[in-house]
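Could you slot chain B onto chain A? The hints should help.
Here is how the chains run, residue by residue.
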Amino acid sequence: QKEVEQDPGPLSVPEGAIVSLNCTYSNSAFQYFMWYRQYSRKGPELLMYTYSSGNKEDGRFTAQVDKSSKYISLFIRDSQPSDSATYLCAMTAGNTPLVFGKGTRLSVIA
Amino acid sequence: NAGVTQTPKFQVLKTGQSMTLQCAQDMNHNSMYWYRQDPGMGLRLIYYSASEGTTDKGEVPNGYNVSRLNKREFSLRLESAAPSQTSVYFCASPERVSGKAFFGQGTRLTVV
Numbered sequence: 038q039k040e041v042e043q044d045p046g047p048l049s050v051p052e053g054a055i056v057s058l059n060c061t062y063s064n065s066a067f068q069y070f071m072w073y074r075q076y077s078r079k080g081p082e083l084l085m086y087t088y089s090s091g092n093k094e095d096g097r098f099t100a101q102v103d104k105s106s107k108y109i110s111l112f113i114r115d116s117q118p119s120d121s122a123t124y125l126c127a128m129t130a131g132n133t134p135l136v137f138g139k140g141t142r143l144s145v146i147a
Numbered sequence: 413n414a415g416v417t418q419t420p421k422f423q424v425l426k427t428g429q430s431m432t433l434q435c436a437q438d439m440n441h442n443s444m445y446w447y448r449q450d451p452g453m454g455l456r457l458i459y460y461s462a463s464e465g466t467t468d469k470g471e472v473p474n475g476y477n478v479s480r481l482n483k484r485e486f487s488l489r490l491e492s493a494a495p496s497q498t499s500v501y502f503c504a505s506p507e508r509v510s511g512k513a514f515f516g517q518g519t520r521l522t523v524v
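Chains A and B, in that order, are what the protein sequence lines are. Residue numbers for the first sequence follow this note's numbering, beginning at 38 and rising by one. Residue numbers for the second sequence follow this note's numbering, beginning at 413 and rising by one.
Derived by calculation from the structure, the hints in this document are not laboratory data. Any given hint could be a false lead.
Unchecked claim - Just a sample of chain B residues kept apart from chain A, beta carbon distances all over 12 Å, derived:
id: 1; residue: GLN423
id: 2; residue: THR432
id: 3; residue: GLU471
id: 4; residue: GLY475
id: 5; residue: ARG480
id: 6; residue: GLN497
id: 7; residue: THR498
id: 8; residue: SER510
id: 9; residue: GLN517
Stated by the list, open to error - According to the in silico footprint, chain B covers these stretches of chain A (three or more CB under 8 Å from chain B):
id: 10; segment: 52–63
id: 11; segment: 113–120
What the hints assert, rightly or not - Pair ranges (Cβ atoms, derived):
id: 12; chain 1: A; residue 1: SER63; chain 2: B; residue 2: MET453; range: 15 to 23 Å
id: 13; chain 1: B; residue 1: PRO451; chain 2: A; residue 2: SER105; range: 29 to 37 Å
id: 14; chain 1: A; residue 1: SER77; chain 2: B; residue 2: ARG508; range: 39 to 47 Å
id: 15; chain 1: A; residue 1: SER89; chain 2: B; residue 2: GLY428; range: 45 to 53 Å
id: 16; chain 1: B; residue 1: ASN474; chain 2: A; residue 2: GLU94; range: 36 to 44 Å
id: 17; chain 1: B; residue 1: GLY428; chain 2: A; residue 2: ILE55; range: 45 to 53 Å
id: 18; chain 1: B; residue 1: THR498; chain 2: A; residue 2: GLY46; range: 18 to 26 Å
All values reported here derive from a predicted model rather than from experimental measurement. Even glycine gets a Cβ: it sits at the ideal position worked out from N, Cα and C.
Isolated chain A, as found in the complex:
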């Protein structure tokens, strides 16, 4: 079993839809959870960051962490064509290298 599992998609939604992206993990030592967004032919950019369990909201984006279930989610409200990208979850125990999911490719259709 991989340490971090993420459905690669692709996921295609109409503009304005709510998007839900998820990852599961196996290492209970992970405490820091991140979502990165990667546009085609660009480097990953940090989108959301959460420490331990709970929710974090930033504009149209909400990140959720459920450590008891080893499950993290990213929600995108009122999705826009500019949200079309690959979304990667990443996590670390702290002072150790980030472990990434394989990424989910999202297309938002106008």
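Coordinates of chain B only, in the frame set by chain A:
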């Protein structure tokens, strides 16, 4: 604020040739990483350096060497390139403890 800078952006090598990928960060971070990204495989860690003077193997180190030249610079060397090393290479530098990593724009390498 440059963040993480990688050179070159593109490179084509013939099998057996060598090359060095350069990475520099201006955030005064202790740690630096090298990842490769392949279709369907996500980001896989090649080598990392937790501090100046130290390096450690990651998930896929075979065929690569690294040098942590100073706190700012971390280079990745392919001594004898193989077609299996065709990939996009990313350098990243994380904040201490939180692990928030900042990435360069990548080097697209093709080995023919």
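Going down the list of hints, with the structure as the test:
No beta-carbon of chain A is positioned within 12 Å of the beta-carbon of GLN423 of chain B; the least distance is around 15 Å. Non-interface call for THR432 of chain B relative to chain A: holds, since the shortest CB-CB distance, roughly 19 Å, exceeds 12 Å. Not every CB of chain A is more than 12 Å from the CB of GLU471 of chain B (nearest about 9 Å), against its label as outside the interface. With a least CB separation of 19 Å from chain A, GLY475 of chain B remains clear of the 12 Å interface cut-off, as annotated.
Listed as a non-interface residue, ARG480 of chain B keeps its Cβ farther than 12 Å from every Cβ of chain A; the least gap is roughly 14 Å. Even its closest Cβ contact with chain A, about 19 Å, leaves GLN497 of chain B beyond 12 Å, as expected for a residue assigned away from the interface. With a minimum CB-CB distance of about 15 Å to chain A, THR498 of chain B clears the 12 Å threshold, and the non-interface call stands. Annotated as non-interface, SER510 of chain B brings its C-beta within 12 Å of a C-beta of chain A; the closest such distance is 6 Å.
Look at GLN517 of chain B: its CB is around 5 Å from the nearest CB on chain A, not clear of 12 Å, so calling it non-interface is violated. Coverage of the segment 52–63 of chain A by chain B is violated. Counting CB-CB distances below 8 Å, 0 residues qualify, and the rule asks for three or more. Residues of the segment 113–120 of chain A lying with their CB closer than 8 Å to a CB of chain B number 0, which falls below the three-residue condition for coverage. Under the hint 15 to 23 Å, the C-beta atoms of SER63 of chain A and MET453 of chain B, about 18 Å apart, fit the expected range.
Our hint of 29 to 37 Å for PRO451 of chain B and SER105 of chain A holds, since their Cβ atoms are close to 34 Å apart. For SER77 of chain A and ARG508 of chain B, the Cβ-Cβ distance of about 31 Å falls outside the hinted range of 39 to 47 Å, so the restraint is violated. Range check, SER89 of chain A to GLY428 of chain B: Cβ separation about 49 Å, and the 45 to 53 Å hint holds. In this structure the supplied range 36 to 44 Å holds for ASN474 of chain B paired with GLU94 of chain A, their Cβ-Cβ distance being about 42 Å.
A hinted range of 45 to 53 Å holds for the C-beta pair GLY428 of chain B and ILE55 of chain A, which are about 51 Å apart. In this structure, THR498 of chain B and GLY46 of chain A meet the distance hint of 18 to 26 Å, their C-beta atoms being roughly 24 Å apart.
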